[in-house]
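Protein chains: 2
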Amino acid sequence: MRIAMAQLNPTIGALEKNLRNVITHYQEGLEKKADLVVFSELALTGYPPRDLLNYKGFLDKERALIEDELIPLTAQSGVPIIIGANHRQNNRLYNAALFLEKGTIKSIHLKTLLPYFDVFDETRYYTSSPGGQVEMLGNLPVAITICEDIWNDMSYFNNPLYDTNPLEKLSAQGPRLIINLSASPYHYGKHTLREDMLPFLAQKYDSAILYLNQVGANDELVFDGSSLVYNNRGELLYRGPVDREELFLVETADLFTPAELTVSPDRDSIETVKTILEMGTRDYFAKTGFKKAVLGLSGGIDSAVVAALAANALGPENVLGIIMPSPYSSRHSKEDALELAKNLGIKSRVISINEPFNTFIKLLNDQKNPVMDLAEENLQARLRGLILMQISNREGHLALVTGNKSELAVGYSTLYGDMAGGLAILSDVRKMMVYELAHHINKLHGKAVIPESIIQKAPSAELRPDQKDEDSLPPYKFLDPILELYLEKNYSPSEIIAEGHDEETVKRVIKMVDTAEYKRRQAAIGLRISPYSFGAGRRAPVARGFEHY
Amino acid sequence: MRIAMAQLNPTIGALEKNLRNVITHYQEGLEKKADLVVFSELALTGYPPRDLLNYKGFLDKERALIEDELIPLTAQSGVPIIIGANHRQNNRLYNAALFLEKGTIKSIHLKTLLPYFDVFDETRYYTSSPGGQVEMLGNLPVAITICEDIWNDMSYFNNPLYDTNPLEKLSAQGPRLIINLSASPYHYGKHTLREDMLPFLAQKYDSAILYLNQVGANDELVFDGSSLVYNNRGELLYRGPVDREELFLVETADLFTPAELTVSPDRDSIETVKTILEMGTRDYFAKTGFKKAVLGLSGGIDSAVVAALAANALGPENVLGIIMPSPYSSRHSKEDALELAKNLGIKSRVISINEPFNTFIKLLNDQKNPVMDLAEENLQARLRGLILMQISNREGHLALVTGNKSELAVGYSTLYGDMAGGLAILSDVRKMMVYELAHHINKLHGKAVIPESIIQKAPSAELRPDQKDEDSLPPYKFLDPILELYLEKNYSPSEIIAEGHDEETVKRVIKMVDTAEYKRRQAAIGLRISPYSFGAGRRAPVARGFEHY
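Heads up: the protein sequence lines correspond to chains A and B, in order.
Here the working numbering is used: the first residue of the first sequence is 543, the next is one more, and so on.
Here the working numbering is used: the first residue of the second sequence is 543, the next is one more, and so on.
It is possible that part of the hints are untrue.
Repeated chains share a single entry, so a pair holds when one copy, or any two copies, can fit it.
Unchecked claim - Derived lysine to any residue pairs resembling SDA-like cross-links, with alpha carbons at most 20 Å apart:
(1) K910 / N896
(2) K598 / P702
(3) K598 / A1040
(4) K575 / V913
(5) K1061 / A1078
(6) K884 / S697
(7) K834 / T1057
(8) K989 / A1040
(9) K889 / D908
Hints listed in this document are in silico derivations from the structure and should not be mistaken for laboratory results.
What you are looking at is a predicted structure, and each value in this text was computed from that prediction instead of being measured.
Looking at chain A on its own, in the form it has when it is part of the complex (with noise of 0.2 Å):
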């Protein structure tokens, strides 16, 4: 039996875009004579549909386009289909696995474990099942799972997140094959997790395993496909692109053979942090309706990566830097900007913000003189932001934000100043992690894109004179692993100090990311890369009390 796997980009909301896409790779399965075309989780949706669910036409509309147009070409071709797609029952709204054959739906799979962590919000929209059938494929045995029904191994996982193992009970049915049809999410170190848990699952029922994964980017979330084939040795067979759209075929005869060619373990790289930026970076633009990009270009490293980013992300062609000095620019930032809009080969602007700097500093200053105060340093940013934003409005950009999140993190930054823009393409990316995007950068091209002068100079805002981030932070290397802490491991700050971090630090850190709170909920969207961002799987509270525990 030949099985046909459709790793696919929908886009949330667009149904019928996303059946013409599904409707198009089952022709192209029926053309490679695949038996069963498979396809991800809520496919025609896209995931996360988010509160689209609670459109009762939406979900009407989904299911006739299911029954309309899906079920009759099963009919016609005698090809069976599996669908992720939402499913009402008794009032109650479940995530499913349809089985669509001969013009039938031959079976419905529900999801039992409905996560709620993070970014995921199942719990909101769905109901449990209480657990379902093994289904015949010819005289194979198989057990039809969706994304999270697999990930309670409880000799796997030492603090399992849910009660139940949806995948224990089905397999006292007797399984060869498990499919899982996925969504799910990039961030560093999933895909070591998930090559090292799915042979596990392989040996451990003595079945095989195809993990069918969601490809492309939904406002922040990137979803990096890399769909997998195990045999039931747990051998990999195959492993799908990370960034595009692919249909693979799979002969179920493979799969209970030793492998004679393996796929060697991925294990996550900045690479793969670099491609999962630009398709977030391609597909929010796309998803928009957007070509071109405006960004500011200060001379510093941040903006720099960001530009090399949607550079190769959007062509060169569609990125616009303005270079917009003041007087407290150094020397070479106005220089070293240019230098990597020529090496980047995108266009460039520059206009000074001297003038109205001025304008505002008589409007608002008694003495009509720089004071040099914190507002000061706002306005600067905020003029800034305010000629991007005209930009972006008059000629059709779509505005990049520059900012890393070590600086989101502790507040360093301004709010309608450079935290201004639709997509934040580093605001997953800590300080640290910036420099290897530019080392790594400059590596594949060979030569130093990003100017040497951009990666060696101290860190600076420049809106004051001879200004360096370290007066007011503390350096990268100690402030990037306390956030990692906090932010991505759920540290409590005494844990953090017990981890051998100075504690006057430790507790300056939290009390600034604490405080900042304001200003990441206006903040634009970024795409996430870390297992914790400051995006939709953040729920902190603003108004709070900054007591220490």
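Position chain B relative to chain A; hints supplied.
Only chain B this time, still in chain A's reference frame:
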């Protein structure tokens, strides 16, 4: 037996401060000869603590304060406490009520129904309890319940959200009194619902009910107190204040005799909305450490109502209105705004945006003259935002956003312009209700503190000559009902049209709402008064298909 109920206003995460307040009210209970003192849901962390619950140290500290400070008090005085708190058991977290007596935790009552809709996220953090036991208070059997656990009566609700009803289970043990620890945020309609459902339960179970709610605002959520006491006939004996803390006493003997005097039922009114908005404002300032507010006064009704509410909430001496005329401001706007400021007794300044506007036109327009495009409209709004933020940063005022829900819904607002600020008082108040508030405020003052000319003029952004909102939007009397159906009642577009609304208008409005999501993603925190606001309870995609359904 005399029960003291403490309706308190905790600050999220301020464990020690909240504990001090709990102890103060416990002591007040002792002075008033109470035999039991009751506190509401999650009384020490405040509700909702959100991701603070991910920190072990936070939970450790909460429990330590209970064990080291609260429990010993019950040994000294002999008077027990019922208090909402987090409880860990077998590696799982529960939302619990602790019964503290004679120096120990006598019993623990765990929440079963974990709300996960709208602004609620309890399934992210908590495990659901299978159910508990009735507790004896002397010889009175009492069901100690937490918030949602009494809100799933299968005969009261047509379509109950959950499959189980914990109160029904407990009722098998014959309780005569239901104590409910709540943290229930306001939205309009909720008072009416509460005071309809609770007497129904009292009668159904022949039980008295002590319903104890949190009061005060935490970010967008405004908890409206209004704690309620019903006798076993469902007669209302007491209602707590909407907008302040209170310790009230209940004699259990009164709970099982016909009432001599009952309290009339409360119906939601515009006065309640005004009170909620003022409390929300007052608490956001108090809990973030601000005293003073700055806002732009345009001469329009939105900023007038915000100024009036802020003046009442913070004191007029703490409110500063900035009047920022442009070449396109109407003749009367400045005079109207000045009259408003005078009437309210707030401070005001006039800062024209002509100069910075001209500076930017010269800087960014090739022909050095205004071209009157959308970018220049946004520019004006952003210059005003920049001025407000400069004053905010320099003088320590929190900037108020003045936009209403109708314009935020359809994206008739400028990011980093009129959307700039820390708190949006009206962002969940539709335009027609803004008028209601204006009339109500004038009625309360017995004179037009909001000048009639402000109320009467046609709504306008005044960003180009003779501009009117109706040039770009349907009249608010048509727009607002469509928004209510689409946003608050989850009607699909086709269902809204079926209600008799003009098809073209509905499609146009919904397209505007859907495409404006990117702006709302960066909007300020807005006080919630409706069943569905643009806040933590909204999970809507930005990049999405805009198909009709």
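Quick check: which numbered hints come out false for this structure? 4, 6 and 8
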